[in-house]
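Novice: The lines below spell out each chain.
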Amino acid sequence: AAGVIQSPRHLIKEKRETATLKCYPIPRHDTVYWYQQGPGQDPQFLISFYEKMQSDKGSIPDRFSAQQFSDYHSELNMSSLELGDSALYFCASSLVSSGRFRGQETQYFGPGTRLLVL
Amino acid sequence: AQKVTQAQTEISVVEKEDVTLDCVYETRDTTYYLFWYKQPPSGELVFLIRRNSFDEQNEISGRYSWNFQKSTSSFNFTITASQVVDSAVYFCALSERRSRDDKIIFGKGTRLHILP
Numbered sequence: 001a002a003g004v005i006q007s008p009r010h011l012i013k014e015k016r017e018t019a020t021l022k023c024y025p026i027p028r029h030d031t032v033y034w035y036q037q038g039p040g041q042d043p044q045f046l047i048s049f050y051e052k053m054q055s056d057k058g059s060i061p062d063r064f065s066a067q068q069f070s071d072y073h074s075e076l077n078m079s080s081l082e083l084g085d086s087a088l089y090f091c092a093s094s095l096v097s098s099g100r101f102r103g104q105e106t107q108y109f110g111p112g113t114r115l116l117v118l
Numbered sequence: 001a002q003k004v005t006q007a008q009t010e011i012s013v014v015e016k017e018d019v020t021l022d023c024v025y026e027t028r029d030t031t032y033y034l035f036w037y038k039q040p041p042s043g044e045l046v047f048l049i050r051r052n053s054f055d056e057q058n059e060i061s062g063r064y065s066w067n068f069q070k071s072t073s074s075f076n077f078t079i080t081a082s083q084v085v086d087s088a089v090y091f092c093a094l095s096e097r098r099s100r101d102d103k104i105i106f107g108k109g110t111r112l113h114i115l116p
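Protein chains in written order, with my numbering: chain V, 1 to 118; chain R, 1 to 116.
Fair warning: there could be bad hints in the mix.
Claimed, not checked - Stretch by stretch, here's where chain R covers chain V in the computed footprint (C-beta under 8 Å, at least three residues):
1. 53-65
2. 107-118
To be verified - Each computed DSBU-like pair below joins lysine-lysine, with the alpha-carbon atoms no more than 30 Å apart:
3. V:Lys-15 <-> R:Lys-108
4. V:Lys-22 <-> R:Lys-108
5. R:Lys-38 <-> V:Lys-52
Because the hints were derived from the structure by calculation, they are not lab data. Owing to the predicted nature of the structure, the values given are computational and were not obtained by experimental measurement. The C-beta atom is built at its ideal place from N, Cα and C for all residues, glycine as well.
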C-alpha cells in the first residue's frame with residue numbers, strides 16, 4: 001500500500017538559510033500533520049491542514065510556515081534556520097471520516113526528513 | 001491536561017524473552033484514543049495500534065499484545081518471544097475528543113534493546 005512520501009530525506013543547511021520540506025500524503029487522505037522530533041525526544045506537533053486549510057497549530061516557530069496544496073501535498077517552509085532546528089521532521093496523514101474529529105483518526109507517518117543545521 | 005508517561009526509558013532483554021512496555025496516561029475526557037508507534041533505528045514511525053476509550057478488550061496481533069486498563073489508566077504493550085528486529089523506540093500516544101485537537105500527544109518513548 002502507498003505510504004506517506006517525504007522529500008528530501010536528508011538536508012544539510014547553514015545557519016540563517018531557508019529550507020523547504022515536502023510531504024505527499026497517502027492517496028485520498030485529506031489531512032496532513034507536521035511534527036518535529038529533536039534528538040532523543042518525542043515528536044512534537046507543529047501544524048496541520050485539513051482540506052487545504054490550516055486546522056490546528058502547535059509549537060511552530062514564527063520562522064516556519066506551511067501550506068497544503070490543491071493536490072493535498074504539503075510543504076513546510078523554514079527560514080532563518082538555527083542550530084536548534086536540527087531535527088527529524090515528520091509528516092503524517094489521515095482520512096477523516098464524517099462526524100469524527102481529526103485527533104481520533106490514525107495518523108500514518110512518513111519516513112521523515114532529517115535536517116541538520118550547521 | 002493530557003499526558004502520557006512511559007516510565008521505562010530503556011529496557012534490554014535477551015532474544016526470545018517476553019517484555020512489557022508500560023504506558024500510563026492522564027486525561028479528563030471520557031472519550032479518548034490511545035496509540036502505539038514503533039520507531040526502529042532507521043527513524044520512521046510505524047503505527048502499531050489504535051484503541052478508543054470505550055473498547056477495553058485486549059488485543060493480540062502475532063507476538064504483540066496490548067492490555068488496556070481504564071481503572072489504572074494504563075495501556076501496556078507486551079512482546080512475546082522477542083526478536084532482534086523488535087529493537088526500537090516505542091511510543092505510546094493519546095488524543096482527546098473533547099479538546100478536538102488534531103495532534104496526538106506522545107510519551108517520551110521506551111528504547112528497547114533485544115540482545116542476541
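Novice: All hints are to be evaluated individually against the structure, with a verdict given for each.
Specialist: Outcome of the hint check:
no., hint, in the structure
1, 53-65, "holds (count 3)"
2, 107-118, "holds (count 7)"
3, V:Lys-15 <-> R:Lys-108, "28 Å, holds"
4, V:Lys-22 <-> R:Lys-108, "26 Å, holds"
5, R:Lys-38 <-> V:Lys-52, "29 Å, holds"
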